[in-house]
Amino acid sequence: MFIDPLWLAASLIFGIAAGLLPGLHPNSIGAILTPWLGNWESWPLALVVLLGVRLALQFLPSILVGTPAGQTELGMLPGQRMMREGRGLEALAVCGWSVVLAVALALVLSPLLMPILPALFAAVKPWSGYLLVLASAALMLAEIKDGKESGWLGRWRGPALALFVFLLAAALGWLTLNLPLTDPLFALFVGFFTMPALLSGEEQKAAEKKQQKEGQENPAFVVRELLPFILLGVLLGGLSDLLPGLSTPAQVATLATLAVPLAQPAHFLALVASIEASHTTFAFASAASTGIARVGVVAMVGQMQPITPADLPALWGAFAVAAAVGAGALLWIGRWLMPRWHALDWKTLGGLLGLYLAAMVFWLDGAMGLLVMALASAIGMLPVLWGVKRTQVMGSLIGPAILHAFGF
Amino acid sequence: MGDTSESSPPIPSVISSPGLSNRHFSIMLVFMILAGLALLYAWPMDSAYLKSSTASVALMREGQWVALSAPISSVDERATGTSIQMCDENSHCVRAFAAQGTGPLELAVARPGQMLNVWGEVAVATGGTRFVRIHRASLNDAGE
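Chains as they are written, first to last, in this note's numbering: chain B, 158 to 565; chain Y, 4 to 147.
Isolated chain Y, as found in the complex (with noise of 0.2 Å):
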């Protein structure tokens, strides 16, 4: 069983063990957290930066996320949602989609010749197509 005969020894003078109790510990822990939820709900969400290119999304399996981002060459209002193509310098092209009701409002000014900055998910249509199902986006004027 355990020593309890021994005493402990003296706390050494150059360290001690100031605990949850400690105010300083206990101050710079609320720092960081309230710091760590300013970065992650009150830092301005940017745009995606372009890391797949629309070929590749060819080749992504269903479901995976996308970091996407390319000038827009059509958009489509259909009764469904709206469907934008956008093509890379390599005339690779995709569509990204966002439903009726649920697409962010930049799409409504979506315009060809914008740079769209898409955050979504890749789903397959009949047929086999892929595609990007918008999830967030923001636009770029072409150029900027």
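So that you can see chain B by itself, here it is in the shape it has in the complex (with noise of 0.2 Å):
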């Protein structure tokens, strides 16, 4: 594979340009003009840099104004409680610094995992149903609260109301996922997050808060207290790109909940944003020694041209170029904003970006799509309102999985 230096600085320019807006993935850039440029000898790695690029930078409009973040959704939820307390500008630091790593990380693994990969889905995959069963139980039994409880179903009532939650979010995650969409997720947890943060007046108290300016300590200190998770993180994006029914890093990041709470939203932020880039590195490798591609624009260059492990230095080298250019613009646009977005006028501009948001659901779906968003955003209120963590509707995508797993 080669892409013309020239279409490579091109690339990147244009990757930072659609990074920043949500809605407007890499998946849906080649699905529009692979049919014009698929011919073109540069065309796959251009796509592989638009997603090395979206990787990093897609955190801005998730910290900003909490936008479902990549394949894992869940990148918002930390980032916006970050933002509530002021400290938007370190939950960029986080994400910059951890898809850097994770990704370097991930390309020294891949050669070594390789060999193994398909050994290793063989033998977790038996297992894969009742792992996730147990997993969603025990995020359930999470909201279990301490002390003495009055009322319904007294200290029970949480997971009672979770389990509603879980279900009803299953239920439209199985049928989402079984309609002709080009984007299900996004118009899934645009309703479940995003919406539901902008009714609420959530997402308002984020932006509006004042946001601190750029720190001053040790950085290196920094990266040793992230260091661990995104480790983990690492692992555990290479683990669903391993695991049949776990068909998106969201899930493992749900998974994930139960050994990072959100109250140290800077450690799950590391855990989220590492597992995004690792499951999008490995998965690379993966094409090239299973055949399968667990990330859409992966899927795409292999149908325009068979990905092999010759290819495999290409394709790393440009993912890493691109990534690496994603995670410096995160942080030098993310420092010229923040000190400046609480002085915008978030009533006018939150209607607006419902309005935006709703109207890229509607071009990448249709009135489907709109349904789907609208059903998931009355869905996504229920947490709002009963005080459940908002992670259960990830039952959205763990749901499906089980019956995947048990084979229905």
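Some hints could be false.
From chain Y, some residues computed to sit far from chain B (all C-beta separations above 10 Å) [to be verified]: (1) Val78; (2) Ala113; (3) Thr132.
Derived CB-CB ranges, DEER-like [unchecked claim]: (4) B/Ser357 - Y/Ala45: 29 to 37 Å; (5) Y/Thr83 - B/Pro192: 26 to 34 Å; (6) Y/Ala82 - B/Ala524: 40 to 48 Å; (7) Y/Arg81 - B/Pro192: 32 to 40 Å.
Treat the hints as calculated values from the structure; they're not laboratory data. Model, not experiment: these values are computed from the prediction. For glycine and all other residues, C-beta sits at the position ideal for the given N, C-alpha and C.
Could you fit the two chains together into a complex? Lean on the hints.
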């Protein structure tokens, strides 16, 4: 595979512009432009470059305005929490460092994992359904409140409500994933997370919080603090490529909330960003060794030109350059934007954001996408109203994964 | 409008926000970009592995790119370029063609019996026969 250096530069610039827009995923760009550009020699790697830049840059709109980030979707939760605390720039720095280190670690580990991926795949498969059921139960049981609880079901009220939300989300998720939508997860997760945040005013509170300016402390300390979570994220991201039925790293990230509570948002953000980064990085090796592409762009590249082990250096190289440029852009743009963000008129902007997201959902998936988003918004309001964890809506992915694992 | 009366919380001691001015982050980025460029442009270009059989080329759409590896059964030097027939172990054959002046240097020494690794575009000749228009190629001796 080859990309002309001039086109590499152009792809990086285009990637930065597209990466700032929620909903404009390289999958969508690829689907639209490949019929015209698919025969152009540089196009497969140009798509990989778009993917790499977006990998890092997507956390900017995710943290600023709470839109779903990549395939983990959950990155917005700790990011928005940090925005509400005035630590938005910290959140961006955590994401930038995590993406860069996770991509580097995953690239080093990829050649080691390639020979053993198919065997690991076969070994894990019989147990995946049971693991998912256990993990989901643990997520719900975590809703038990300590202390005396009066009223309906007492201390079991939380798990009961969580189960209800989980099952509703699972039903919607199962229906949605079986519809012929271009980007079903975008409609689902804008509905589950972003719209309720806009409607409940959380979005506005986060945006109007005056953000800190750039910090002064020793950055090496930041890396030491984050390394265990980045390492865990790299391993979990590789697993998410491995486990059948776990179609996105979002499910793995949800399960990770059991290990890393959202009470420490910076750590969880590092974990989620690393899962996202390593999942994408491992996807190239997975496609070359097993023939299975778990990332949309990688699948598109494979259709244009079969991915062989001989292609991996070029793919990895393009991806590494793009991820580094994306991480740099994330912090450079964020450093300029964050101190000014709170001064914007968020009453108006929040409404415009909602309209933009609805328009994106409609552009991608038409009226059906809007219906999915509306239903997801209704379900997404329930955790806000009932005080259960919003991660229960990840039943939308875990539920179908459990059904798939047991053969339904 | 924004909340300007409330002061920002002190930066927690466990996390700071290095920003782009941080030397370590910048060094990390530069290193990663240089390493990526080295992989992209300096890594030796290897031959394409067999991913598409000669039989499947017959099913491909015009314009599709293919990575193909098979033994050479014949080499024809023509005024228009070099035409090579490649046949796999099931006797499925396909022609690979490089126009005069555009073919990779390897084709000048290609001989029957050698393994040819080709990366190119599926094209359709007059009459409907599909062939591979060679973009890159490399040779291995038979049995290598």
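Now for the hints, and whether the structure bears them out:
no., hint, verdict
1, Val78, "holds, 24 Å"
2, Ala113, "holds, 19 Å"
3, Thr132, "holds, 20 Å"
4, B/Ser357 - Y/Ala45: 29 to 37 Å, "violated, 53 Å"
5, Y/Thr83 - B/Pro192: 26 to 34 Å, "holds, 30 Å"
6, Y/Ala82 - B/Ala524: 40 to 48 Å, "violated, 59 Å"
7, Y/Arg81 - B/Pro192: 32 to 40 Å, "holds, 34 Å"
Against the hints set out earlier in the document, violations occur for numbers 4, 6.
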